[in-house]
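Novice: Each chain is listed here by its residues.
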Amino acid sequence: MSSRARTTARRPLLSNFVCKTVMALTGLIFSAFVLVHMVGNLKVYLGGEHFNDYAHWLREAFEPVLPYEGLLWVLRLALLASLAGHVACAALLWRRARVARGPVRRRHAGWRSFTARTMPVTGLVLLFFVIFHVLDLTTGTAPAASGGFEAATVNTSHAYENLVASFQRPLAGLFYALAMIVLGLHVAHGLWAAANDLGATGRRFRQVAVVVSGVVALVIMLGNISIPIFVLIGVLK
Amino acid sequence: MKLTLKIWRQDSAQAAGRFESYSLDGAGEEFTLLEALDKLNDTLVETGQVPVSFDSDCREGICGSCGVTVDGVPHGPIANTPSCRQHLRSFTDGSTVTLEPFRSGAFPVVRDLAVDRSGLDRIIEGGGYVSIDAGTATDADAHQVSHETAEAALDFAACIGCGACVAACPNGSASLFTGAKLMHLTLLPTTRQERGQRAVGMTEAMDEEFGPCSVIGECVEVCPAGIPLTAIAGLNREKLRSVLRGKAS
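These protein sequence lines are chains X and S, in that order.
Under the numbering used here, the first sequence has 236 at position 236, and the numbering climbs by one with no breaks.
Under the numbering used here, the second sequence has 203 at position 203, and the numbering climbs by one with no breaks.
In isolation and in its complexed conformation, chain X is listed as follows (with noise of 0.2 Å):
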């Protein structure tokens, strides 16, 4: 019993396990909001009205239940707590895993574990993402923002014009059709490893999970990319 004793006196206040887990499940929380983000940013090609429709309607939905905006800030909050979390477990698990491989890192590791190894470097990316995101295309703040952004209104959105702004210039354009690749790489191997860590042995489940971890990222990285591409080359205007 004195190794145990030892064991936890040591013990850190978040465990591996805790910080796996947290992370598995915030992860899945995102990974099913750019599922949905990415099917609300396709109604981009039914048409600027019906996109500025649906902009307009994710402020007031569920009036008068929730107040105007309501669904908006519940669902930035529990975004902001569930990245918080996420971000502070994979900086401490990062901490530990350099600590505990030590001074020689692990050399020639195969093309098959790209994604996983890459995975500290796609989330610091898919980071400025987000904030780039948010300042171009939410508060409209210069210079990240386009210089023809507008503000919603009560009684309107302008997220469309807003979007095909923001696109229109090469450079963001390129940027975000970039990030969507990245988000691709980090989404295919966060589905698998949330897969695992919350204990998926099932041989079925397993493949079942493989194969729906690659899909998901693949239609969230395609369908995304597709519309700075089409901005692009100027058929949506």
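Hints were generated in silico from the structure; no laboratory data involved.
Ideal Cβ placement from N, Cα and C applies to all residues, glycine included.
Any given hint could be a false lead.
Chain S regions said to be covered by chain X (calculated; three or more residues, Cβ under 8 Å) [stated by the list, open to error]:
hint	region
1	67-79
2	166-179
3	196-207
4	212-221
5	226-240
Fit chain S to the known structure of chain X by using the hints.
Specialist: Frame of chain X; chain S shown alone:
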């Protein structure tokens, strides 16, 4: 065939290590990696030099004693094969082969290519055993275990504890080892009374010295016993179960 062996030499855990190059002449391509080291050591001893320390025992891939990092890959170029079953035919004649110890913060170098892997033993001490008074052998059908379950338990029990999974892991995690050692017990009915406390105890012991798992999968590429990633999901499942259940069983 002729090879240049670039070997990590380190006099003790505290000493600083360095690479030294040795020329190995006249080794056949049917030589195993460890036989090549034997041949080199014969030459070193004859010329009054200190031979290269490395671990080995059975030399047939069942004991888990051997393990060196070959050109950056734990055990060597052939996947899922221990160092003692890696042959020189994997290398081209005249090439340089780099030999290092298993690399991990939890595996301090004892000398040259030999490392201290007792951290794995401390994980087993955390709960990788069954505390039952076995007594005399029970009837063969006293505990009903399906053939499929028995085979799955045996597959996990194939782990030889070599530590290659830890050396392959960019995170220095021992999750594949711990998962295999936990799951081969968990699947069998005679171990149920300690199921919860075993998961907690082994996980705690593991976290004390080893890193967290990011499901990178490098471990399964090198594991000589072919332990699947399912072992890691099993470890997480058992830990989650013990947390939700809050009992020793």
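Novice: According to a criterion of three or more residues whose C-beta lies within less than 8 Å of a C-beta of chain X, is the region 67-79 of chain S covered?
Specialist: Holds, because 3 residues of the region 67-79 of chain S bring their Cβ atoms closer than 8 Å to Cβ atoms of chain X.
Novice: Just to make sure I understand the rule, a stretch counts as covered if three or more of its residues have a C-beta closer than 8 Å to a C-beta of the chain. Does the region 196-207 of chain S meet that for chain X?
Specialist: Three-residue rule met by the region 196-207 of chain S, so holds; n is 5.
Novice: Under 8 Å between beta-carbons, do enough residues of the region 212-221 of chain S, three at least, approach chain X for the coverage claim to hold?
Specialist: holds (count 8)
Novice: Verify this for me: three or more residues of the region 226-240 of chain S with a beta carbon less than 8 Å from a beta carbon of chain X.
Specialist: Holds, because 10 residues of the region 226-240 of chain S bring their Cβ atoms closer than 8 Å to Cβ atoms of chain X.
Novice: Are at least 3 residues of the region 166-179 of chain S within less than 8 Å of chain X when you compare beta carbons?
Specialist: Held - the region 166-179 of chain S has 6 residues with a Cβ nearer than 8 Å to chain X, which meets the minimum of three.
Every hint, counting from the list given before, is met by this structure.
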